[in-house]
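Participant: Top to bottom, those sequences are chains A and B.
Following the numbering used here, the numbering of the first sequence begins with 1 at its first residue and continues without gaps.
Following the numbering used here, the numbering of the second sequence begins with 1 at its first residue and continues without gaps.
Please note that the accuracy of each hint is not assured.
[To be verified] Pair ranges (Cβ atoms, derived):
id : chain 1 : residue 1 : chain 2 : residue 2 : range
1  : B       : 108       : A       : 23        : 38 to 44 Å
2  : B       : 101       : A       : 20        : 26 to 32 Å
3  : B       : 117       : A       : 63        : 42 to 48 Å
4  : B       : 52        : A       : 53        : 19 to 25 Å
5  : B       : 108       : A       : 15        : 30 to 36 Å
6  : B       : 117       : A       : 23        : 51 to 57 Å
7  : A       : 434       : B       : 110       : 52 to 58 Å
8  : A       : 140       : B       : 91        : 46 to 52 Å
9  : B       : 44        : A       : 53        : 22 to 28 Å
[Stated by the list, open to error] No farther apart than 30 Å at their CA atoms in a straight line, the calculated lysine-lysine pairs in the BS3-like style are these:
id : chain 1 : residue 1 : chain 2 : residue 2
10 : B       : 116       : A       : 72
11 : A       : 732       : A       : 887
12 : A       : 368       : A       : 394
13 : B       : 91        : A       : 72
14 : B       : 85        : A       : 72
In case anyone wonders, no lab produced these hints; they're calculated from the structure.
Where a beta carbon is used, it is the ideal one built from N, C-alpha and C, also for glycine.
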Amino acid sequence: MSSPFGWVWSGVARLRSRVRSMIQRGRLEAEMEAELAHHLEARTADLIRTGCEPGDAARRARIELGSPLMRKENMRASVGLRWIDELAADLRYAVRMLRKSPGFTAIAVGSLALGIGANTAIFTVAQHMLLDRLDVSHPEQLRMFYLNEPRDGVVEDMWGWWDDLPGGEHVSTSLTYPVYEQLRSQNKSLADVMAFKPYGRMTVTIRGQAEAMEAEMVSGNYYSVLGVRPQLGRGIQESDDEEEGSGPVVTISDRLWTQHFGRSPDVIGKVISVNATPMTVVGVNPPGFTGAYSAQGTPDIFLPFSMQPIAAPQELDASWSSSSLLTNKNLWWVLVMGRIKPGVSSATAEASQNVALNAAVRSTMTVKNDSQIPRLLLRDGSRGQNPDADDFGKPIYVLMVLAGLVLLLACANLANLLLARAGARQRETSTRLALGAGRGRILRQMMTESLLLSLLGGAGGLLLAFVVRDALPRLVSNLWAPPAFSTNFSWPIFAFAVAVSIATGIIFGLGPALQATRVQVNSSLKDSGQTVTHRRRGLAGKTIVTLQVALSMVLVVGAGLFVRTLMQLGHVPLGFRSHNLLLFSVELPEKLYPKLASTTLLQRLEERLKAVPGVQMVTLTRDPLISGSASNSTFIPEGQSRKAEGNPSALVNRVGAHFFETFGIPIVAGRGFGASDSQTSRKVAVVNESLAKTFYPKVNPIGRTFETGGHHPYTIQIVGVCGDAKYYRVRKSAEPTYYTPYAQQDDGMHGATFAIATKMEGQAFLPSLRDAIREVDPNLPMLDVRTQDEQIAANLRQERIFAILTSGFGVLALVLACVGIYGVMAYSVSQRTNEIGIRMALGARPERVLRMVLGEATWMVLMGECAGIGAALGLARTIASMLYGLKPWDPATFGLSSVLLLLAALGASGYPAWRAAAVQPIEALRHE
Amino acid sequence: MGPGKHDQAQDKSKELLQGTLDMLILKAVSLGPLHGYGVLLRIQQISGEELVVQQGSLYPALYRLEHQGAIASEWGESENNRRAKYYRLTKLGRERLGEETEKWKRMSGIINGILKTTPEAL
Numbered sequence: 001m002s003s004p005f006g007w008v009w010s011g012v013a014r015l016r017s018r019v020r021s022m023i024q025r026g027r028l029e030a031e032m033e034a035e036l037a038h039h040l041e042a043r044t045a046d047l048i049r050t051g052c053e054p055g056d057a058a059r060r061a062r063i064e065l066g067s068p069l070m071r072k073e074n075m076r077a078s079v080g081l082r083w084i085d086e087l088a089a090d091l092r093y094a095v096r097m098l099r100k101s102p103g104f105t106a107i108a109v110g111s112l113a114l115g116i117g118a119n120t121a122i123f124t125v126a127q128h129m130l131l132d133r134l135d136v137s138h139p140e141q142l143r144m145f146y147l148n149e150p151r152d153g154v155v156e157d158m159w160g161w162w163d164d165l166p167g168g169e170h171v172s173t174s175l176t177y178p179v180y181e182q183l184r185s186q187n188k189s190l191a192d193v194m195a196f197k198p199y200g201r202m203t204v205t206i207r208g209q210a211e212a213m214e215a216e217m218v219s220g221n222y223y224s225v226l227g228v229r230p231q232l233g234r235g236i237q238e239s240d241d242e243e244e245g246s247g248p249v250v251t252i253s254d255r256l257w258t259q260h261f262g263r264s265p266d267v268i269g270k271v272i273s274v275n276a277t278p279m280t281v282v283g284v285n286p287p288g289f290t291g292a293y294s295a296q297g298t299p300d301i302f303l304p305f306s307m308q309p310i311a312a313p314q315e316l317d318a319s320w321s322s323s324s325l326l327t328n329k330n331l332w333w334v335l336v337m338g339r340i341k342p343g344v345s346s347a348t349a350e351a352s353q354n355v356a357l358n359a360a361v362r363s364t365m366t367v368k369n370d371s372q373i374p375r376l377l378l379r380d381g382s383r384g385q386n387p388d389a390d391d392f393g394k395p396i397y398v399l400m401v402l403a404g405l406v407l408l409l410a411c412a413n414l415a416n417l418l419l420a421r422a423g424a425r426q427r428e429t430s431t432r433l434a435l436g437a438g439r440g441r442i443l444r445q446m447m448t449e450s451l452l453l454s455l456l457g458g459a460g461g462l463l464l465a466f467v468v469r470d471a472l473p474r475l476v477s478n479l480w481a482p483p484a485f486s487t488n489f490s491w492p493i494f495a496f497a498v499a500v501s502i503a504t505g506i507i508f509g510l511g512p513a514l515q516a517t518r519v520q521v522n523s524s525l526k527d528s529g530q531t532v533t534h535r536r537r538g539l540a541g542k543t544i545v546t547l548q549v550a551l552s553m554v555l556v557v558g559a560g561l562f563v564r565t566l567m568q569l570g571h572v573p574l575g576f577r578s579h580n581l582l583l584f585s586v587e588l589p590e591k592l593y594p595k596l597a598s599t600t601l602l603q604r605l606e607e608r609l610k611a612v613p614g615v616q617m618v619t620l621t622r623d624p625l626i627s628g629s630a631s632n633s634t635f636i637p638e639g640q641s642r643k644a645e646g647n648p649s650a651l652v653n654r655v656g657a658h659f660f661e662t663f664g665i666p667i668v669a670g671r672g673f674g675a676s677d678s679q680t681s682r683k684v685a686v687v688n689e690s691l692a693k694t695f696y697p698k699v700n701p702i703g704r705t706f707e708t709g710g711h712h713p714y715t716i717q718i719v720g721v722c723g724d725a726k727y728y729r730v731r732k733s734a735e736p737t738y739y740t741p742y743a744q745q746d747d748g749m750h751g752a753t754f755a756i757a758t759k760m761e762g763q764a765f766l767p768s769l770r771d772a773i774r775e776v777d778p779n780l781p782m783l784d785v786r787t788q789d790e791q792i793a794a795n796l797r798q799e800r801i802f803a804i805l806t807s808g809f810g811v812l813a814l815v816l817a818c819v820g821i822y823g824v825m826a827y828s829v830s831q832r833t834n835e836i837g838i839r840m841a842l843g844a845r846p847e848r849v850l851r852m853v854l855g856e857a858t859w860m861v862l863m864g865e866c867a868g869i870g871a872a873l874g875l876a877r878t879i880a881s882m883l884y885g886l887k888p889w890d891p892a893t894f895g896l897s898s899v900l901l902l903l904a905a906l907g908a909s910g911y912p913a914w915r916a917a918a919v920q921p922i923e924a925l926r927h928e
Numbered sequence: 001m002g003p004g005k006h007d008q009a010q011d012k013s014k015e016l017l018q019g020t021l022d023m024l025i026l027k028a029v030s031l032g033p034l035h036g037y038g039v040l041l042r043i044q045q046i047s048g049e050e051l052v053v054q055q056g057s058l059y060p061a062l063y064r065l066e067h068q069g070a071i072a073s074e075w076g077e078s079e080n081n082r083r084a085k086y087y088r089l090t091k092l093g094r095e096r097l098g099e100e101t102e103k104w105k106r107m108s109g110i111i112n113g114i115l116k117t118t119p120e121a122l
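Take the sequences, apply the hints, and build the full model.
Facilitator: See the structure below:
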């Protein structure tokens, strides 16, 4: 008889009724009024008909129906309006209460806003750096090719990222181009396999203006495998990548299109010059596309691999012949990505590709019997290689934990404030309970208040995070590089802030609300509030404050550790002078300056720059100092034989003749470089003290020779020993390093960083430098202008960010803890006014009272500090790898933090203590 | 202000009759569209003047049934030419009436059986 989904229809009807009664509230009220009025009329008429007096009849009808207010209330409840009305009433009451105590509201909302804002900001950074995926179609189907290579394997020459694994193995993502070609043609287990390479910077000349831009080299099927559709024109296609030089085309990024072409549609077909090679622009990439390497990359031009030998023949090692990298069987450099085929599991594909890799390596290279071929792994490619996750993963988690602690502190403050307020409104609550309100109803009202506070705090926090959003990418990228990520505020961030606010309001409002409704109605309505509950309430507040002090201890210690790390790093001796040195880099296209022509140009630049007024000394280096990158090379001292694999190596830097004077590195034995060290004279090198100690422990290295070079070895004679100088990171102490004059590079040098010793100010000085460069070559842009100090600061960027952020957290923690202590002490004093009055009446002196109150506060803080020290030690041990020059349990930091907290606490409880000491016994005894 | 404690007590005692009241209202309305007062009179009438519904619980029950979709309302003109809200039974309500009737018959059968039990039957 009944339809199967009766309850569904009923539910639908209920929903419709609810919505209608909410929207048409006024009409509903009028209808109820009219309906009841009609009922009364009809009943009255009936009663009159049966003989009643009209007035009597009306009265009787009204009595029978009962109070219209009650009836309407019940009717509203039937339609489900009661909870809405109650919610509205609660909100109005909450707003009124908050307006009446602006100080309370300001502190609660303010501290919550800071806590939630900090968390939202860190979450934004985390989301962009760690979670953002590539803006391609179905990124979860992409797989990145990783290689696990043994120490003595076939991979000898590599250009790309690699990392150490436990057990002596390395992991990398680079393959040789011939191996990639084989993998692609033999591929059966993946939908397709493509290759790409973030190539570094190329000189791009648009309308006569030369600039250096990040380039990505791609295979013909790159766009089809990624599923990226250009917003204008076309992508790189197979025909562009067929043979060497067959595709002189580029696609450009949306940013390049905006900045240099004004988003005009006739950019398609324009010819620009890339490393002095004319290329036609055939397409513009969609705005969110960041290349395949990572979601934070900013490549501006994309060109096919087929153009590599022409536009970007890369000179990597003096011993390499500048052959095309595409036919080079020994250099591992291209990154490979594939898309999984539906129906084939990742594991199957990985196994199949491993077999293919083995076959490819054996057929393209000569593999010795005991050489091991790397093992291939297919890892998730939805974020490309995502290098930032490795660099930033741990620091971001640490920051999130710290920001979480700050929020916890703010929430503890909220809980304490709510507790105090509930205590103050005790009488009101008891009255309500006595009048018949249910405890649940009062609980609901108090929760509404705390939720309102927390949502206001959340809104404030979101606003705060929005305001600082532009500063966030700056935290993780160099000053002279484009920002690491776009600062769009996305839904996940908004949802995060809302969720945190709601959770805060519920969790930290529930405790105080429950305690408030647990009052004994009888005793709290009496005049004196001296019951058992009072003592217990004080304890809850004190426990919370003790926890707050513990949390502050952790945050202050953390801040101290990071600040001291930064200070240590700032004062560590570098081994060279870093002040008053201006740096800039140049990239010389091989096409314009083949081989030794580059050396000649660099020498001309050196001379011309020396002549600029204000310049004291000029030199140049292959790798700038403290830039995070370095070169190394085989180093076989004379007398030792060269092994097949596993030869010793040392760091190397190719430098100008005046390198040692410009950087202030002392020559402790022998000589530095001079004009006599030229392309035609004997190859020489200067080694640093570490190298001398490592390779020539008890003998004089001067005059001895060593062999270097990969496939075309040559010998170099040592002519001098210099002092140790840090090379690529401030944190790393000097390693064995040797320096050679760049003039002696057989194939020239195509990338260099100039270092200019000058006392002149940067801004006014640069134009004269630029003019000097333009005289030598008008098309050579000056890249990355910065001072050596700025370069070092950039290397310490992460430490500095941490020092700044954790100091901010530490200060915030101190302030919140002080607010908490002040609140609790003030409340405690106000509750104990009676007791203090009695004590003073019995003869206690004001100083005694003062000591009593301060002693109570000190006791609370000491307990908190003890509780916090354990957690602080735990934190310190976790971040030990991020510290420098300190032990994790650094006594100075811990000691200072304890003292600081104690002083802050005493300061905060000063005013309540003074108030307590100033109590007049007569007033206090009257105070009930 | 919400209902105080004593009102809740009254409601509790009426809960037992709530189900039956709903059923009676549905039955009354099934015989033809009625306004609130009319429902009251109709129930009185069809019960042979035995049952007088508490006027206080009438309108909340009507609103509840309408909220659940068992009856639908529209404004019309009453006997003495005044505007009144008329309720009629919906398809959902017809089904509901049938279910409630079945339940009542079953329940009363069971209770009858219990009351008929004699000490000898145990």
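Participant: Does each hint hold? Answer for all of them.
Facilitator: Cross-check of the supplied hints:
1. 108(B) x 23(A): 38 to 44 Å: Holds, since residue 108(B) and residue 23(A) (Cβ atoms, about 43 Å apart) stay within the stated range.
2. 101(B) x 20(A): 26 to 32 Å: holds, 30 Å
3. 117(B) x 63(A): 42 to 48 Å: holds, 44 Å
4. 52(B) x 53(A): 19 to 25 Å: At roughly 22 Å between Cβ atoms, residue 53(A) and residue 52(B) fall inside 19 to 25 Å, so the hint holds.
5. 108(B) x 15(A): 30 to 36 Å: holds, 34 Å
6. 117(B) x 23(A): 51 to 57 Å: holds, 56 Å
7. 434(A) x 110(B): 52 to 58 Å: Violated, at about 45 Å.
8. 140(A) x 91(B): 46 to 52 Å: holds, 48 Å
9. 44(B) x 53(A): 22 to 28 Å: holds, 23 Å
10. 116(B) x 72(A): violated, 44 Å
11. 732(A) x 887(A): Given that 30 Å is the threshold and the Cα spacing comes to 17 Å, the pair holds.
12. 368(A) x 394(A): violated, 40 Å
13. 91(B) x 72(A): Given that 30 Å is the threshold and the Cα spacing comes to 27 Å, the pair holds.
14. 85(B) x 72(A): Cα-Cα ~15 Å, so holds.
Of the numbered hints given earlier, the model fails hints 7, 10 and 12; all others are met.
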